[in-house]
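Take these sequences, add in the hints, and give me the full structure.
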Amino acid sequence: MSWIDKILPSGVRREGAKRSSVPEGLWKKCVKCEAVLYRPDLERNDDVCPKCDHHMRIGARRRLDIFLDRDGREEIFTDIEPVDRLKFKDKKRYRDRLSQAQKETGEKDALIAMRGTLAGQPLVCVAFEFAFHGGSMGYAVGEKFTRAAQLALREQIPLVCFSASGGARMQEALISLMQMAKTSAVLERLKQAGVPYFSVLTDPIYGGVSASLALLGDVNIAEPDARAGFAGPNIIEQTIRQKLPKGFQRSEFLLEHGAIDMIVHRNDMRDTIARLLAKFAGTPVVERSDSDSDSEDDSASDEAGEAAVDYLPDDRDD
Amino acid sequence: MNPNYLDFEQPIAELEVKIEELQLVGSDADINISEEIRTLREKSAKLTEKIYSNLSAWDIVKVARHPQRPYTLDYIPRIFTDFDELHGDRHFGDDRAIVGGTARLQGRPVMVIGQEKGRAVKDKVMRNFGMPKPEGYRKALRLMQMAERFRMPVITLIDTPGAYPGIDSEERGISEAIAQNLAVMSRLSTPVICVVIGEGSSGGALGIGVGDHLAMLQYSTYFVISPEGCANIIWKSSEHAPDAAQAMGVTSSVLQDLGIVDATIPEPMGGAHRDVDRMAERIQSHLVTQLEKLSAIPTDQMLEQRYQRLMSYGN
Numbered sequence: 030m031s032w033i034d035k036i037l038p039s040g041v042r043r044e045g046a047k048r049s050s051v052p053e054g055l056w057k058k059c060v061k062c063e064a065v066l067y068r069p070d071l072e073r074n075d076d077v078c079p080k081c082d083h084h085m086r087i088g089a090r091r092r093l094d095i096f097l098d099r100d101g102r103e104e105i106f107t108d109i110e111p112v113d114r115l116k117f118k119d120k121k122r123y124r125d126r127l128s129q130a131q132k133e134t135g136e137k138d139a140l141i142a143m144r145g146t147l148a149g150q151p152l153v154c155v156a157f158e159f160a161f162h163g164g165s166m167g168y169a170v171g172e173k174f175t176r177a178a179q180l181a182l183r184e185q186i187p188l189v190c191f192s193a194s195g196g197a198r199m200q201e202a203l204i205s206l207m208q209m210a211k212t213s214a215v216l217e218r219l220k221q222a223g224v225p226y227f228s229v230l231t232d233p234i235y236g237g238v239s240a241s242l243a244l245l246g247d248v249n250i251a252e253p254d255a256r257a258g259f260a261g262p263n264i265i266e267q268t269i270r271q272k273l274p275k276g277f278q279r280s281e282f283l284l285e286h287g288a289i290d291m292i293v294h295r296n297d298m299r300d301t302i303a304r305l306l307a308k309f310a311g312t313p314v315v316e317r318s319d320s321d322s323d324s325e326d327d328s329a330s331d332e333a334g335e336a337a338v339d340y341l342p343d344d345r346d347d
Numbered sequence: 010m011n012p013n014y015l016d017f018e019q020p021i022a023e024l025e026v027k028i029e030e031l032q033l034v035g036s037d038a039d040i041n042i043s044e045e046i047r048t049l050r051e052k053s054a055k056l057t058e059k060i061y062s063n064l065s066a067w068d069i070v071k072v073a074r075h076p077q078r079p080y081t082l083d084y085i086p087r088i089f090t091d092f093d094e095l096h097g098d099r100h101f102g103d104d105r106a107i108v109g110g111t112a113r114l115q116g117r118p119v120m121v122i123g124q125e126k127g128r129a130v131k132d133k134v135m136r137n138f139g140m141p142k143p144e145g146y147r148k149a150l151r152l153m154q155m156a157e158r159f160r161m162p163v164i165t166l167i168d169t170p171g172a173y174p175g176i177d178s179e180e181r182g183i184s185e186a187i188a189q190n191l192a193v194m195s196r197l198s199t200p201v202i203c204v205v206i207g208e209g210s211s212g213g214a215l216g217i218g219v220g221d222h223l224a225m226l227q228y229s230t231y232f233v234i235s236p237e238g239c240a241n242i243i244w245k246s247s248e249h250a251p252d253a254a255q256a257m258g259v260t261s262s263v264l265q266d267l268g269i270v271d272a273t274i275p276e277p278m279g280g281a282h283r284d285v286d287r288m289a290e291r292i293q294s295h296l297v298t299q300l301e302k303l304s305a306i307p308t309d310q311m312l313e314q315r316y317q318r319l320m321s322y323g324n
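Residue numbers (this note's numbering), protein chains in the order written: chain A, 30 to 347; chain B, 10 to 324.
Since no wrong hints were added, every one of them can be taken at face value.
So the derived label-pair ranges between C-beta atoms look like this:
(1) Glu72(A) x Asp16(B): 54 to 64 Å
(2) His96(B) x Ala64(A): 46 to 56 Å
(3) Ala272(B) x Pro79(A): 54 to 64 Å
(4) Leu180(A) x Ser198(B): 17 to 27 Å
(5) Lys118(A) x Asn324(B): 17 to 27 Å
(6) Pro275(B) x Gln271(A): 41 to 51 Å
(7) Gln154(B) x Arg73(A): 46 to 56 Å
(8) Arg68(A) x Asp16(B): 56 to 66 Å
(9) Ser128(A) x Glu58(B): 40 to 50 Å
(10) Asp254(A) x Asp177(B): 18 to 28 Å
Hints in this document: simulated from the structure, not taken from any laboratory.
The beta-carbon is built from N, C-alpha and C at its ideal position, and this holds for glycine as well.
Here it is as structure tokens:
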């Protein structure tokens, strides 16, 4: 028994002593490999565990922060707020649930939209805030996504979406369901107009978001080991009354079954998307990622940098 | 309990039994009981009217799922003529949970697509209880695009407990299949009319449900998640399904107020299953009227209207 245990009152002594060996703040435990990680190291690595490569869940702002170029970012459509059209009430009022989520996250709803640049190329980028009501899509999310897409369409610049969502928001009932139709409709306009839409699936994506905007990308990308599917694993297990295979609905499963184009490491996300978009736009080879000076010395990122020396766009005449 | 009647309908069932008994007596006796039967019939009708004028959201969910409720294949021969069923998605298989094909609506060629739950046990199994898999949505998409090429309006009949939640469904990309339909239906350059005839459950319903006009039968339901599912998540118990149904507003009256549903087609007293022919007639006349309206609008304008309407959801 250490000296500190001796001076602590017995009630507090052993309870959770193991857990408290990781102090809040400077250290973080990886949820997968349980390695204790120095937070600045973790942050420098885009919140990917340097030991086991587990991609931790990150918030929408952090996501946009590590993805977009440092300069020239502007948050857009900040005026959109959730509406409780049904005056939904279960054990709690939806209105109260909303205020609570707003207080906890500091966000109005579960989607953040920005315009900015990626390796100098202008684009519109949206990211889901999973901490807000499980990233669920109701009116506010659908509306903001739609307006972001319309902006991309007007300006003929690409749209990139990072989704993380439990699906449609129950408390807005059919209004939520119709956001699926709404977002899919605007994406179809982008498609018809030849405006690229890249969808990045981050853990987890289910239900109404999966069955609409998340899988309609010209290019669908997933982070490693992200879970995505229409029905949740519990529902499927209950329906078919058998255990699900290992890796079911994980990124690797999605790739194997043709639902996504590629799995991309978070460290490589900027370079990969920049490289792809430049080809879609027919512009010359993209410069190396420059916004995140921290990742300059990261080896994974270096490899991606080399791979970025790619072909020039084909002659469009043939 | 009479299985042909729902729990809240049992008083009606009792009266109907009495009427039946009296009719049997009447046929082999001289006593004039027709007067008595007539009174009971009136009473039964009044009682039905009374019960049905005061249904809760959960009661309506039950009517929409009534085992005798008419399904797509009950309506098709009554609403259309010349129906030729077309099968297969051309990639994987033919999903019997979705039925589709060309037909005529009062002479005019149309493409009709609907979810089918199946009646007898064997039929239900074959049709996976009306829960489509990706190939079902892809078949629907193929037929809709074909309709567009041959200038046939598309009519969809929605009635599903949801897209099938299974391993194979996920493997073949159920999410993508539904999403693709939403995207393409939003711009299909032919009129699209959707009618919820029974249970419109979530993305599985919406997957054939994007169009110019959305109608619901009076006692059909449309929800983002089944009341049981919602209750399980929020209340941690499916026993709260009636509360969930109420809270989510799953009926046409609420959804029309929200501006999501355009029209409610009234059902015969006691629900569509009490008089399928009459119900079919009403759906037919609604379809004809709506189709005439849509056909009068230039296609570009119709598509812009459809798009703007989609954009307005929730505003």
